[in-house]
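Novice: Order-wise, the sequence lines are chains F and D. For the first sequence, our numbering begins at 1 and goes up steadily by one. For the second sequence, our numbering begins at 182 and goes up steadily by one.
Fair warning: there could be bad hints in the mix.
Claimed, not checked - Here are the simulated DSS-like cross-link-like pairs (lysine-lysine), alpha carbons at most 25 Å apart as the crow flies:
1. D/Lys223 <-> D/Lys266
2. D/Lys345 <-> D/Lys304
3. F/Lys91 <-> D/Lys312
4. F/Lys91 <-> D/Lys215
5. D/Lys270 <-> D/Lys215
6. D/Lys215 <-> D/Lys316
No lab work stands behind these hints: they were computed from the structure.
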Amino acid sequence: MLVKRLQPMVSHARRSYVGLMFQVMGRALQAISEVDEITRNETRALPVGFLFEMQVMPNGPKLIVEHTGNGLLHYHRDGAPRPVDLSIQFKHMTHAFLVLSFQEKTSVAFANDRMLVDGDVSLAVRMTRVLNRLESFILPKLVAERAVKEYPANLHLPEKLLSAARIYLKVATNFVETARA
Amino acid sequence: MTNNYYEFFCPVKVIAGKAALEHIPYELTGLAAKRPMIVTDKGVRAAGLLDPVIAACEESGLEIVAIYDDVPPDSSTTVVRDITKVYRKEKCDSIIAVGGGSAIDTGKAVNILVSEGGDDIAKYSGAGILKHPLKPFFVVPTTAGTGSEVTSVAVITDEKKGVKLPFTSSFLLPNAAIIDPRMTLTLPPHITAATAMDAMTHATEAFTCMAKNPLSDAYATAAVKKVSQSLLQVMDNPKDEHGRLELAQASTMAGIAFSNSMVGLVHSLGHATGAICHLPHGLCMSLYLPYVLEFNLESIREPLGELLLYLEGPEVFSATPASRRAEASISSIRKLRDALYKRCQLPRTLKETGKVLESQLEAIAEMALDDGSIMFNPREVSLEDALSVLRRAWA
Ligand SMILES: [Fe+2]
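This is chain F alone, in the form it adopts within the complex (with noise of 0.2 Å):
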C-alpha cells in the first residue's frame, strides 16, 4: 500500500528535477557557448538556425537551443519557434531522470537503447560531445566522471573553476532576468 501511495510523489519529484536540469543545462548551453572556445568550434558547424532538442517521450519537459550562428547557442525557454532540426528523446522519465542525475552516462544511455535521435545522426554525435564538455565543466570532477566518458585530459583544475564560476554566474543571471521579465 505505501509503494501505491509513494509512487506517485517520486514520479512527481522525478518529473520536477528533469525539468529543472533541463532549464539547467540549456541556460548553461547557452553560457558555455559564450566562454568556451573548444565548445564554439564544434557549434559553429551546426547550420545557422538550428534547432536542437531534448525531450523525454511521450509530452515530457524538453530542452531547445538554438544555433544563431558562430557557434553561440540561444536557449528557447517558450518551446520552440518552429520544428526543430534534431531531437534526441529519451523513452521514458526514468531514462531521463538516471542520465541527468548523473547515475548513467550519457553515452551508457545511448549503448543502452534509452533514447532515440531523430535528424542527422552526425550532428547528433556532435551534441553528445558539447553536452559532454558541459558537464565536465559544470559538475564536480567526481560527478562528471560519472557522467561522461573520459574526463577531458586537456580540463585542467583553474581553467575549469574559472570557466564554471563564469558559466553558474552567467546561469544564475539568466535565471535573475527571466525572473524579472
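With the hints as your guide, set chain D with the ligand onto chain F.
Specialist: Just chain D with the ligand now, kept in the frame of chain F:
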C-alpha cells in the same frame, strides 16, 4: 554494472545450408506471395547466380514476374523509384533481393515505397517513421560480410541533394535470409578476404564496444571462431563449400551481433575513408582493426583477451597468461592480415592501398568524429586521437 540494461531483437528467419534456395517457394507461399520480383545487380546476373534462384522457384510453379538487375554499387533514390515503377506495373506482391549490401539496401527501400505508397523515398528517411509491416521481403546474400540481411537499416543516396539518406525501422528487416553456399562459391579472393574481415570487425567491435550484451556476445564469439577457422581454408581452396557456408553464417551471426550492440571507431574511420578515398568497406575494416584495438586496449582488455579463445583455440588460449591475452588477440588478427596479404595483397596499411594521400588523413579524422558509430566506441576519441590512429595505420 548495476545500471546494466540491454535490448536484443532479431525476428529474421534464417534459412541456411545445402539447397537452401529451394526453400524460397515454400516460404513465399507461407506469406501468400505469388508474384515475386528480384532486385539484383549486373555482377550477380553475369556470375549466373540468379539461375539457381529462378530454377528453384519455377520448379515449384512459382513465376518470378520481374527482374531488375541494374542496381549500382551506391544505390540512389532514382534507382529506387525506377524499380518501384516496374514492381507496380507488373503487379508484384513481394521482393527477393539477391546481392551484396547495395542490392539489399535497395530492396529495403523499394519495399517502403511499394508498401507505403508514393514516389518520394526521402519522405520516409529517419528513424521510426514506418508504423506498419511491409510486403514480404527475402534476402539472398551473395557476399559474406555486410550482414545487411539482418539489419534494420538502409542507406540510399539522394543524387540531387548529394546526401545519404538513412532509413531505420525494424520493418525493414526481411522475413527471411537465405544463406546458400552456392551464392558465395565464385566470389573472387580479394572480395572474399575483405568481406570476411568486415564480418570479423563487426563481431570484434560488437564484443568490445559499449553496447555489448550477453546475447549479442554469443553471436559475436561464434562469428569470430568461424571466420578464424575457415577464412584461410577458403582462400586456399575457393570451392570449399563447407568453408564458404561457414563464412556466410559467420557474416549473418556478426550482423545479428552488431545490429544489436553496434560498432565503434573501426567503422567511424572506415566510413570516412570510404567516403573520401573511395576504398571498399571491407578493406578499410581489415586495415584499421588492429590499430583501433591498440588504441582502445586499456578499456577493452578483458573482452579482447576473451576473444583469443575464439581466434586461436583453447590450446593457445590456455597457454597464454591472462595478462597477455588481449595483446595476443591483436597479434592473431595481425597474423591473419599478413596471411591475407600473402594470398591476395589485401592492404594492411593506408600506404599499401595506393589510394590514400598522407595529406587526406586530417580530413578523414574530422569526418570520422561525426560518424554515429563513434558514440559506441569504448574510449572517447578526440581529433588528435583519431589522427594518431590514422598515422599508425599509414605505414
Ligand atoms: Fe562493416
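Novice: None of the hints should be skipped; say for each whether it holds.
Specialist: We went through each hint and held it up to the structure:
{"no.": "1", "hint": "D/Lys223 <-> D/Lys266", "verdict": "19 Å, holds"}
{"no.": "2", "hint": "D/Lys345 <-> D/Lys304", "verdict": "13 Å, holds"}
{"no.": "3", "hint": "F/Lys91 <-> D/Lys312", "verdict": "17 Å, holds"}
{"no.": "4", "hint": "F/Lys91 <-> D/Lys215", "verdict": "40 Å, violated"}
{"no.": "5", "hint": "D/Lys270 <-> D/Lys215", "verdict": "15 Å, holds"}
{"no.": "6", "hint": "D/Lys215 <-> D/Lys316", "verdict": "12 Å, holds"}
Of the numbered hints given earlier, the model fails hint 4 alone.
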